[in-house]
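If you're matching them up, the sequences are chains A and B in order.
Residue numbers for the first sequence follow my numbering, beginning at 1 and rising by one.
Residue numbers for the second sequence follow my numbering, beginning at 468 and rising by one.
To be clear, the hints were calculated from the coordinates, so they are not data collected in a lab.
Remember, predicted model here, so these are calculated numbers, not experimental data.
Glycine residues also receive a C-beta, built at the ideal position from the N, C-alpha and C atoms.
Heads up, a few of these hints could be off.
[Stated by the list, open to error] Pairwise CB distance ranges, derived in the manner of DEER restraints: (1) Lys625(B) to Glu145(A): 20 to 26 Å; (2) Lys569(B) to Pro447(A): 37 to 43 Å; (3) Lys602(B) to Glu93(A): 50 to 56 Å.
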Amino acid sequence: IVALVGVMALLRPLLLDVVPTIQQTAALALGRLASYNDELAEAVVKGDILPQLVCSLSEQNRFYKKAAAFVLRAVGKHSPQLAQAIVQCGALETLVICLEDFDPGVKEAAAWALGYIARHNSELSQAVVDAGAVPLLVLCIQEPEIALKRIAASTLSDISKHSPELAQTVVDAGAIAHLAQMILNPDAKLKRQVLSALSQIAKHSVDLAELVVEAEIFPVVLTCLKDSDEYVKKNGATLTREIAKHTPELSQLIVNAGGVAAVIDCIGSCRGTVRLPGIMMLGYVAAHSENLSMAVIVSKGIPPLCTCLIEENEDHIKAAAAWALGQVGRHTPEHARAVAVANVLPTLLSMYMDTHSSEDLQVKAKKALKNILQKCTYLPALEPLLHDAPPNILKHIVGQFSKVLPHDSKARRLFVTTGGLKKVQEIKAEPGSLLQEYINTINNCYPEEIVRQYLKTPAGEKLVLLS
Amino acid sequence: MLTSNVTFLFSISTIKIFTTFCIFRSVDEYRKKEYKAAVKIQSWFRGCRVRAYIRYLNNMIIIIQKWWRGYQGRRYFRKMVETAYFIMKMNFYNEMAVRIQKRWRGYYVRKYTHNYYALKKYLEAISVNNEIVRKELNEYAEMKEKEKEKKDLEKKEKEKEHQARKMHYLLSTEQIAGIYNSPFSKSADPMELLLRKSKPLSHSQQPAKNHLICELCDRSNCTRSPTFPAAQPLPPIGRQKPQGPFRDAAEVLRQRYKPLEPTLRVAASINSLEKAREEIKREEWRNRVHDNEFLPFSSYHKNEKYDPSIHRSGKYGQETYGVKHFREVQPKKWIADKDFQTVLPSIVLFERFGKTYSRTGQIV
Numbered sequence: 001i002v003a004l005v006g007v008m009a010l011l012r013p014l015l016l017d018v019v020p021t022i023q024q025t026a027a028l029a030l031g032r033l034a035s036y037n038d039e040l041a042e043a044v045v046k047g048d049i050l051p052q053l054v055c056s057l058s059e060q061n062r063f064y065k066k067a068a069a070f071v072l073r074a075v076g077k078h079s080p081q082l083a084q085a086i087v088q089c090g091a092l093e094t095l096v097i098c099l100e101d102f103d104p105g106v107k108e109a110a111a112w113a114l115g116y117i118a119r120h121n122s123e124l125s126q127a128v129v130d131a132g133a134v135p136l137l138v139l140c141i142q143e144p145e146i147a148l149k150r151i152a153a154s155t156l157s158d159i160s161k162h163s164p165e166l167a168q169t170v171v172d173a174g175a176i177a178h179l180a181q182m183i184l185n186p187d188a189k190l191k192r193q194v195l196s197a198l199s200q201i202a203k204h205s206v207d208l209a210e211l212v213v214e215a216e217i218f219p220v221v222l223t224c225l226k227d228s229d230e231y232v233k234k235n236g237a238t239l240t241r242e243i244a245k246h247t248p249e250l251s252q253l254i255v256n257a258g259g260v261a262a263v264i265d266c267i268g269s270c271r272g273t274v275r276l277p278g279i280m281m282l283g284y285v286a287a288h289s290e291n292l293s294m295a296v297i298v299s300k301g302i303p304p305l306c307t308c309l310i311e312e313n314e315d316h317i318k319a320a321a322a323w324a325l326g327q328v329g330r331h332t333p334e335h336a337r338a339v340a341v342a343n344v345l346p347t348l349l350s351m352y353m354d355t356h357s358s359e360d361l362q363v364k365a366k367k368a369l370k371n372i373l374q375k376c377t378y379l380p381a382l383e384p385l386l387h388d389a390p391p392n393i394l395k396h397i398v399g400q401f402s403k404v405l406p407h408d409s410k411a412r413r414l415f416v417t418t419g420g421l422k423k424v425q426e427i428k429a430e431p432g433s434l435l436q437e438y439i440n441t442i443n444n445c446y447p448e449e450i451v452r453q454y455l456k457t458p459a460g461e462k463l464v465l466l467s
Numbered sequence: 468m469l470t471s472n473v474t475f476l477f478s479i480s481t482i483k484i485f486t487t488f489c490i491f492r493s494v495d496e497y498r499k500k501e502y503k504a505a506v507k508i509q510s511w512f513r514g515c516r517v518r519a520y521i522r523y524l525n526n527m528i529i530i531i532q533k534w535w536r537g538y539q540g541r542r543y544f545r546k547m548v549e550t551a552y553f554i555m556k557m558n559f560y561n562e563m564a565v566r567i568q569k570r571w572r573g574y575y576v577r578k579y580t581h582n583y584y585a586l587k588k589y590l591e592a593i594s595v596n597n598e599i600v601r602k603e604l605n606e607y608a609e610m611k612e613k614e615k616e617k618k619d620l621e622k623k624e625k626e627k628e629h630q631a632r633k634m635h636y637l638l639s640t641e642q643i644a645g646i647y648n649s650p651f652s653k654s655a656d657p658m659e660l661l662l663r664k665s666k667p668l669s670h671s672q673q674p675a676k677n678h679l680i681c682e683l684c685d686r687s688n689c690t691r692s693p694t695f696p697a698a699q700p701l702p703p704i705g706r707q708k709p710q711g712p713f714r715d716a717a718e719v720l721r722q723r724y725k726p727l728e729p730t731l732r733v734a735a736s737i738n739s740l741e742k743a744r745e746e747i748k749r750e751e752w753r754n755r756v757h758d759n760e761f762l763p764f765s766s767y768h769k770n771e772k773y774d775p776s777i778h779r780s781g782k783y784g785q786e787t788y789g790v791k792h793f794r795e796v797q798p799k800k801w802i803a804d805k806d807f808q809t810v811l812p813s814i815v816l817f818e819r820f821g822k823t824y825s826r827t828g829q830i831v
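Hey, can you work out the whole structure from these sequences and the hints?
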């Protein structure tokens, strides 16, 4: 590294050389060094090269400008401090001037450098916006070259992701309409960036999300969910998630446009982290109201969620799937029944009990189980849980039984024959606790002899069958 | 003597007086007794009379009070009965109102707020819509797949053709069979057929760099070598320079094809002045309200008195006539001191204001 610092000292005077090719090649070399490693980038900054680059950026021809912007980008991408150093030497104004240049390559390099600077935190983004970059970026998006469009879209996405004010600035420059038009473009990488930009804008507030929706993205975004590129699908699902999470009306809009079906198909066809935004989107839609949750169930949303829960290896995806199932099933007994019929409750229970699963997964599985169980009246699904559940879950299960059994005679008979009553008797509960009350309610549904029989022997079961 | 006479006389008189006094006294006592008795009798009798009178008055008063209290009691009772009746009626009405409201609210909620059938229809509509969306998306995906396949196929074909053109020399001749035309096989290899079809590749015609390929290569690291920008387009090299003091070809061409920049005087047409005048006239004709010329003032209207409008004839500007009152009032011209009495026929509907419903509710 010491030798490399020496290299910086050697390269620096070459930047001022008379022959333009040498200048350009020197800048190129600096850029490649800086992009390799962040210590080298720091060495570039410490070697006082940046002010020189910035000065000559405004004067030289387009190849030099491209190389200089490349160096700035390479330095700025490593850490916020380096990006701050770039901002402090006044590079932003010159980069913004480069954005007005005729050559699309120069614009692309300048936009890329601005994007990497704005990516780190909101102060740097604000600095980029204050330098007047946003309207020029919106103009860049309208240029015919695809690479330039990609970079401009990714820069807008990086700017708007930090705070609602920045997103509002981007929207005020009229970016949404152009971004919405570009969703139809066949290029996959461009679609990725455009969808990411729209989702970063929409995620901050209801008004921004409504603005994005008003740009008439809706049936078009669904075609992106069927694209062959994984990340386009992921970003499309992210966009629908950011829109759906704000209000029930927006979720309703998405449901009416058939978005739920598209997202479900998308989940079914992908594997891994690409599924995560789709799962979360279903969870948000179902969380708003019971009608929407019923819409998710009717669109056959539960089987893919169950397969996600079972198949995926990553804990955070499983946690998201558990959360989404909890949101679907928690509204009314109908919903809980739909979830229980899919035989997912034992899986949730095992996830909760598993010591290897992370904290987050355990907490989410437990909450989902609790929510579903509090409304579940589908007894065949509850039976298997009686045997394995820990006391805090068991309380809810037994509570549900105590609510249903007094009114339904067939269920009572089934309960006895499947050994449920036996299991209930074996539960030890403190007298006066809620669990004991539930057990008493259940025991009161049956005649005395049967209950006593159970307390004594398993032969009592046969007696019941005979009677 | 005199005194003794006097005393004797006096004593005789006194004795006389005394005896008469005694006589009178006994009579007087008797008289007093009688008097007292008479007084007693009279007083007792008067007492009786007064008592009888008082008794009589008492009885009369009792009768009056009895009647009055009876009357009050009956009035109170009537009031009580009316209130009880009113309360009973209101309870009845309330019950009926509750029944109506119950039915209405159930109907309304079931029809509009929690409409089960609408919800069912909505969910069915959603599943139908989902089916449509899924179908369309599948079609779209298939279309994309097909396009991709087609593109791949075309690319392969192009590559093959390019290869064939490059290896044109491998074509088989009459004498020597080429690689792809084995004498042992019955028909020629497809490559052989391609070779036969293709034209030989000329060296000067470099295949144009495919822009698609350019896109795929990384422009990020500025890997292209920088080239010098050309200052101006050079004239074609092949042309021979004409001998003699001729000017440079490029300069000549530039001058020959310089675009015309006429001065303003040249660019203006000859009759532009007349045209401009006519234009002005047309515009004025267009903007006029009517075509009658102004007539001169005649003395026809000389003696007409100016009639101020109502707004102007009032003292302080806004007259209340037409706004606040609609009739002129001149009290000095009135015969009597009073104004007309407004005796209008009553409007039947307005008479019934506040009285359209039954009066049973107004008892309380």
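- Message: Of the numbered hints stated earlier in the document, which are not met by this structure?
- Response: none
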